[in-house]
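A.B. asks: What follows is each chain in one-letter form.
Number of protein chains: 2
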Amino acid sequence: MTSYALRPVGRVQSTLTDRADAPRQPDEGAPEAWLVFDEAVAPALDGLTPGIDVLLFTWLDRADRDTLAVHPRGDRSRPRTGVFATRAPDRPNPIGLHTVHVLAVEGNRVHVRHLEALDGTPILDVKPLLGPAPER
Amino acid sequence: MTSYALRPVGRVQSTLTDRADAPRQPDEGAPEAWLVFDEAVAPALDGLTPGIDVLLFTWLDRADRDTLAVHPRGDRSRPRTGVFATRAPDRPNPIGLHTVHVLAVEGNRVHVRHLEALDGTPILDVKPLLGPAPER
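Line by line, the protein sequences are chains A and B.
If you read the first sequence in this note's numbering, its first letter stands for residue 16, the second for the next number, and so on.
If you read the second sequence in this note's numbering, its first letter stands for residue 16, the second for the next number, and so on.
There may be inaccurate statements among the hints.
As the list claims (entries may be wrong) - Here chain A is said to cover these stretches of chain B; the calculated rule only asks that three of the stretch's residues, wherever they fall, bring their Cβ under 8 Å from a Cβ of chain A:
1) 20-34
2) 55-64
3) 69-77
4) 87-98
5) 111-123
To be verified - Pairwise CB distance ranges (calculated):
6) A:18 x B:47: 37 to 45 Å
7) B:18 x A:79: 30 to 38 Å
8) A:91 x B:35: 48 to 56 Å
9) B:36 x A:34: 38 to 46 Å
If you're looking for bench data, these hints aren't it; they were derived computationally from the structure.
The beta-carbon is built from N, C-alpha and C at its ideal position, and this holds for glycine as well.
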């Protein structure tokens, strides 16, 4: 099957540097962070404003792509489960999905709350959360 | 910046074949579809069961990766907006995100409801929707 080239559009800047310290989910103690976008994609940020929530897509570049099953949350008392039924970072295409609240937009830098991604994590995409159909 | 190779893990099988006919969102008339996974990743499906909702990640292989701003929903009366503030398929890394309801799992094939992706669209990843923290 064909493969496709992901080209990161920026990087996460965060105080989180070690996978062992990273919270498993954003509401489990994740810090504020900066999303630093390449100058070339800055026009794609037009319309992002403080106060909105967005979906952030990252590439979990420290994940193991050969893992197909895990004990959920690393808990060996729980049965091994296929990675498509878990949020484990290890999976064939380790795309990270994070809902973050936009605190500020300064040029090509976006300040966000509650991001569990590690410092240096490549950014792939950002999408707004969808409101009900009449507001789209 | 480094690029990363996405390796699709399957394909969408759908009656939708033309981008012009595809609904913009799943609750705008999207049909049922099959997710057909490669045999090699079948163990990753273990734990997916009928009745649950999952997040499906696809690669929108017919999207234009050089587009950075669009008129939302193709409506020229709306101001041009950066693609990171819209759900337009055209964007630097055209990752599709779809919430789908699992109707059936038959080996490496998963039957789902309300999928607006076109027939043949490459599948990248599947993740469960997260419940509240105590249920994780």
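A.B. asks: For each hint, tell me whether it holds in the structure or not.
C.D. replies: Cross-check of the supplied hints:
no. : hint                    : verdict
1   : 20-34                   : holds (count 5)
2   : 55-64                   : holds (count 7)
3   : 69-77                   : holds (count 5)
4   : 87-98                   : holds (count 6)
5   : 111-123                 : violated (count 1)
6   : A:18 x B:47: 37 to 45 Å : 28 Å, violated
7   : B:18 x A:79: 30 to 38 Å : 19 Å, violated
8   : A:91 x B:35: 48 to 56 Å : 51 Å, holds
9   : B:36 x A:34: 38 to 46 Å : 44 Å, holds
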